[in-house]
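Q: Here are the chains, one letter per residue:
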Amino acid sequence: MEAVIQKKSEKQGIDEVMPSNEPQDIQVGDKTVGKPFADNPKMAMRNVNVHYGDKQAIFDVNLDIAKNEVIAMIGPSGCGKSTFLRCLNRMNDTIESCRVTGQFILDDQDIYHPKQDIVPLRARVGMVFQKPNPFPKSIYENVAYGPKIHGLASRRVELDEIVEVSLRKAGLWEEVKDRLHSAGTGLSGGQQQRLCIARSIAVSPEVILMDEPCSALDPIATAKIEELIAELKQNFTIAIVTHSMQQAARVSDRTAYFHLGKLIEVNDTKRVFTNPEHDLTEAYITGRFG
Amino acid sequence: MNKSSQNVTLEKVNQSLARRYRAEKRFRAYGIGAILFGITCLVVLFTDIIGKGHSAFFQTHVYLEVTMDSDTLYIDDPTDPQQIAGADYLAVVRASLSERFPDVSGRRDKRALYALISNGADFELRKKLEADPQLLGKTFGVWFLVDDDVDTYFKSRSDDGEGGFDGRLNEKQITWVESLINEGVMESRFNTTFFTSGDSREPEQAGIKGAIMGSLFTLLVTIALSFPIGVAAAVYLEEYAPRNRFTEFIEININNLAAVPSIIFGLLGLSIFIGFFEMHRSIPLVGGLVLTLMTLPTIIISSRAALKAVPPSIRDAAYGLGASKMQVVVHHVIPLAMPGMLTGAIIGLAQALGETAPLLMIGMVAFVVDIPGGITDPATALPVQIFLWSDSPERAFVERTSAAIMVLLVFLISMNTLAIWLRKRLERRW
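Protein sequence lines correspond, in order, to chains V and R.
This note's numbering numbers the first residue of the first sequence as 1 and each following residue consecutively.
This note's numbering numbers the first residue of the second sequence as 1 and each following residue consecutively.
It cannot be assumed that every hint is accurate.
[Claimed, not checked] Derived lysine-lysine pairs resembling DSS-like cross-links, with alpha carbons at most 25 Å apart:
no., chain 1, residue 1, chain 2, residue 2
1, R, K52, V, K131
2, V, K233, V, K35
3, R, K325, V, K148
4, V, K137, R, K424
5, V, K115, R, K325
6, R, K308, V, K131
7, R, K308, V, K137
It should be emphasised that the hints constitute simulated quantities derived from the structure, not laboratory data.
Work out the full structure, taking the sequences as your base and the hints as a guide.
A: And the structure:
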């Protein structure tokens, strides 16, 4: 028996020292290729560097997000795409060791300006998370929470209306209108995620950040969320981080490819998935690593 | 891997299988053994306490006819409350006893006879007369408390009069008691005195109401101070405090304080609250303050654990909507952590309820007859009362000690049940 254990641990050891399958032969390059800039940017990020303690997670990223576009961020695990997304509404402020430098402009306003309050910023830039995270309250309370804390509705009727409109926009109204006051956590995973989307659009943000919103959902629920993103595009600017290249191809207008904290390529989605400019992008989308 | 080496592996696995099953069985047996040991100890403890204490809930009474003769009582003017209060009721009781046993003569024997009735009998008569002055001059029957020696004798004797524990009773007294029993005027009744009066030197008049009220006031002070302070400290340390050497130092010290022997807190209370702030001794206010210091670490530690257990996704959700730090904490984190914090607080309070040592230091060990009416009246607490009674030589205090332990256990068990119920009730899934 001991011999067996010995063998097993040896094997694990081999796994650990195995070289990673990342292509070593391709030059990363200093400049992002493609079209990282837009003519009428909703958000413009310049020279963004992010450190976690001593470790640098993002290197010198420049990127524009255009008005009413859906921009997808793809890349292998640990490439910094989620970190970058969380910088856009300063969610990284809650992580103590995290240090962000560079310029983040939202409609001519520097969101990292010392005088910038994060409360109005997050009201303008909403966020949907990887795991559906409704509050352990009723469906109604979940959606009404944002408008309540920002004082968007002065009367009950107005609040009711905001809740209904938000749930309708999130495509959830028909499913939950009869049980608005039952627990939000009692919904299915896909419904919970749409509830979270409804919750974030209830404060009428201008930009919605989505951090792998479908990774915890089944394909049918995923399809519904993707349809929803296509609809939301008319009113909101959306930045979505995804692990699924198919999803990026389906929902986004532009795609940004991150690699080891660097922004390698930004191009129209069609171009990225058919004829990528950078060799690394090609290697990733053809599945040579990731 | 070839065929034969696969067979070798399989053989070795099969060989070790029996050993693994045996080890598993042993492992389970250890656990069951530990639980059985615990249950046995508990059963022995409870049997002992209930066996000793149950008789304290009953008290022997004797029925005597008394005549409220104004001459015997020395009352000239029945409308004068001063005279009613100062009248010699004991004389009435004695007269009644002498009438019942007319052949008892001599100072010694008479004293022995009068000692059969609790010396609280006169208070009973006074209360009756104060409530109804019309009783003056009338003859009526009253169930009096008997002395604790008679009570013990009555409880320990079998129905045919054998095997009674005579204790301090002499032979004559036993004869009188037996004759009263044969007459059927002596009977065991529910001991209401035990629940309605304070401490007393006489076991038959001693009760735990004073101790219960003392404990109640002490705990009120403790709850009112320790829960808000503990939760506020936990919320600050967990949600706001920067992680640096200073907060680490505070954290280590809170953990150390939880391990400090409680008598040290008593000393602290003695020198600070009584010595420096010059509060009175023996009062629930000081007791509550000392127990607050003692329970704070428990409450802070359990509250921090409860706050830590709130999933970060809920915080993210609220922050993502633009909630301020305080809104996140007040609207989401605290409500979700509340069951854990309450459980910790109740367990801390249950600990405080059972605590004796620090109360000894601040003088709550005093002999207090009056039932405290507030947090600044001298009082004892339940565990201290148990300690005091366990020290008394009278046999009747032995059963009262056990009975008081039973009452304390009932309080502790109900507090723990409340903690479990609250946790189940407030717990939410996310």
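Q: Are the hints correct? Go through all of them and say.
A: Tested hints:
The hinted pair formed by K52(R) and K131(V) fails the criterion: a straight-line CA distance of about 60 Å is larger than 25 Å. Between K233(V) and K35(V), the direct Cα distance comes to roughly 20 Å. Compliance with the 25 Å bound is thereby established for this hinted pair. Between the alpha carbons of K325(R) and K148(V) the distance comes to roughly 16 Å, so the proposed pair stays at or under 25 Å and holds. Proximity of K137(V) to K424(R) is assessed by CA-CA distance (about 17 Å); at most 25 Å being required, the pair is judged to hold.
Between K115(V) and K325(R), the direct Cα distance comes to roughly 17 Å. Compliance with the 25 Å bound is thereby established for this hinted pair. As the CA atoms of K308(R) and K131(V) are separated by approximately 19 Å, the hinted pair is consistent with the 25 Å bound. Between K308(R) and K137(V) the CA atoms are separated by roughly 20 Å; this keeps the pair inside 25 Å, and the hint holds.
Checked against the numbered hints given earlier, the structure breaks only hint 1 and satisfies all the rest.
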